[in-house]
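**Student:** I would like the entire structure built from these sequences, with the hints used as guidance.
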Amino acid sequence: MQRALIEAVLLGVLGGIIGVHVVLRRLEFMADALTHTVFPGLAVAFVLGGSLYVGALITGVLSAVLLTVVTRNRRVTSDAALAVLLTGFFSLGVIVVSRSHSYTADLTTLLFGRVLAVDVSQIVATVITGAVVMAVLWLLHKELVLRAFDPEAAAALGYRVGLLDLVLNVAITLIVVSAVRAVGSVLVIALLITPAAAAQLLVRRSVGQMMAVAAVIGALAGWLGLVVSYEGSIHHGWRLASGGTIVGVLTALFGVVLAGTLGWGARRRRAVAS
Amino acid sequence: MSPAPAPALVLTDVAVDYDRVPALEGVTGTVAPGEGVALIGPNGSGKSTLLRAVLGLVPLRQGHIEVLGRAPSDARGDVAYVPQQDALDPEFPVTVGQVVLMGRYRRLGWGRRPGRADRAIAAEALDRVDLGDRARERFGTLSGGQRQRVLIARALAQQAALVLLDEPFNGVDGTTQDLLLEVLAEQRARGVAVIMSTHDLAVARTACTVACVLNRRQVAFGPVASALAPEALRQAYGPSAFALDDTFGHPPDHGHGHGHAHPASRERGF
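Residue numbers (the numbering used here), protein chains in the order written: chain A, 90 to 363; chain B, 10 to 279.
No wet-lab data here; the hints were simulated from the structure. Worth double-checking, as some hints may not be accurate.
Stretch-level coverage of chain B by chain A, calculated; a stretch enters the list once three of its residues show a Cβ under 8 angstroms from a Cβ in chain A [said to hold, decoys possible]:
#, segment
1, 72-86
2, 97-104
3, 117-125
In silico contact screen, one side only, chain B against chain A (beta carbon under 8 angstroms); selected entries [as the list claims (entries may be wrong)]:
#, residue
4, Leu-64
5, Leu-66
6, Tyr-90
7, Pro-92
8, Met-111
9, Tyr-114
10, Arg-147
Don't be surprised by glycine CBs; every beta carbon is placed ideally from N, CA and C.
**Tutor:** What follows is the structure, given as structure tokens:
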């Protein structure tokens, strides 16, 4: 349980921070496509008894490169290209898994994760991956913010926008690969999007502050979701899936923030009107 | 006797295609340091295409461009670009001050943060456009005209030798336009070349010395008086340019007599 808590909080922080870039660049669909395109890597590694991390990393980075290249082609709309890649990769994973004898159980594990089964080596992999991604985001912070805010100006200033996009896509992929073992490829998108979407409601003037708030929300959801799932399953017999509960708590937190900001906005409008 | 300064921009028979369809052809001209150039033409005439070609963002089918004596891609750090402000997301979490500071990024290089000197330059640029007191506000809370001022402040902070502006006066009120013209005139006095695309012939006549008239090809490039002659405008805009000539063939009448420049323009030394 302690290892699972560490992993859940770590992933909440990492997902929250990188998720800010996903939300600001409106890459939600692309991030969702990435979470599905790691699936065949997971499936092959699972069937062969190899490292899920390595398997997901290989297909994840490959799909990040493909997604970057395809979405810059003006002849194919971004959504169409993403849909093709997402469904193609995902179907490949399903085909691979369907060849195993324990098809249903295996598929469930890969789709929904098993954070309670995380071991020390997985935590170490998450820490190393997270450190690399955070270092890249810190080094390229001003460039990535400029590219997100004003891509024309970024290109005019001489920045290679395609290269920045590729770096960000690979960084997103690395976090997805780390998180998919805990919450599965279906729900990992929530770790990326929900904390950042909630932070966007609270922070209006700083990308850095938005990242900090998203990290706190992600960490809180990771901790609280796991505690609720564990307590509920062990002490009350509710059998709550940990990955699903974490995402449920994330969604509830978003709802609370949204309700709070809407209520605050309404009170402010009434005060101005009076 | 000191040699003449190198031109800010040299265009030689420039042609650009989009998806193998000609978008611009036959553009030839030279822009000296401190010169003001108006790019004139109807929508789709290639004005933005030419600006992007000068920035090295679109490949040339033919011809040659030299920016500050170098290839466009090598000169980008010394070229400031002011895009149309309505393309930017008003909800993006960035302050006015942070937007202006973006003009300093290229000088910093990868991975470095702006220092005190950069912040001072950005603050001075923002003061110049009369928005120094709005530095901490979110960019999106400003009006369209104020946002345009911020983008020009960003260009000022870059301390470039060539400034390109894509329709900078769209949606901008008269007071803001006068202020921005004043700022651009100051830049030109310092030797900065300014190229702006605009539909406003009156601005072109009062704020620029050279005009480049386009309609997917160069119609005219030269001193404003000759380049904006009625025949050139008819070639660019079609027969309806007769009506344009009556309305814009002379600077707008502000009650100071036909053919006289606006007094504010005279004060700016045009």
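**Student:** Grab the minimum C-beta distance from Met-111(B) to chain A and call the hint holds if it beats 8 angstroms, violated otherwise.
**Tutor:** With Cβ-Cβ at 5 angstroms, under 8 angstroms, it holds.
**Student:** With a cut-off of 8 angstroms between beta carbons, are at least three residues of the segment 117-125 of chain B near chain A?
**Tutor:** With 5 residues closer than 8 angstroms to chain A, the segment 117-125 of chain B meets the three-residue bar; holds.
**Student:** Using a Cβ cutoff of 8 angstroms, are there at least 3 residues of the segment 72-86 of chain B near chain A, or does the coverage claim fail?
**Tutor:** holds (count 3)
**Student:** Regarding the hint that Leu-64(B) lies at the interface with chain A, is the smallest CB-CB distance below 8 angstroms?
**Tutor:** holds, 5 angstroms
**Student:** Please check whether Arg-147(B) passes as an interface residue: C-beta within 8 angstroms of a C-beta belonging to chain A.
**Tutor:** OK, holds: Arg-147(B) within 8 angstroms of chain A, min 5 angstroms.
**Student:** Regarding the hint that Pro-92(B) lies at the interface with chain A, is the smallest CB-CB distance below 8 angstroms?
**Tutor:** Given a least distance of 5 angstroms, the restraint on Pro-92(B) holds.
**Student:** Does Tyr-90(B) hold up as a contact with chain A if the rule is Cβ-Cβ below 8 angstroms?
**Tutor:** holds, 4 angstroms
**Student:** Verify the interface restraint on Tyr-114(B): the C-beta must sit less than 8 angstroms from at least one C-beta of chain A.
**Tutor:** It holds, given that the least Cβ distance between Tyr-114(B) and chain A is near 6 angstroms, below 8 angstroms.
**Student:** Do three or more residues of the segment 97-104 of chain B come closer than 8 angstroms to chain A, measuring C-beta to C-beta?
**Tutor:** holds (count 6)
**Student:** With chain A as the partner, please determine if Leu-66(B) meets the hint condition of a C-beta pair closer than 8 angstroms.
**Tutor:** Holds: closest Cβ of chain A sits about 6 angstroms from Leu-66(B), inside 8 angstroms.
Of the numbered hints stated above, none is contradicted by the structure.
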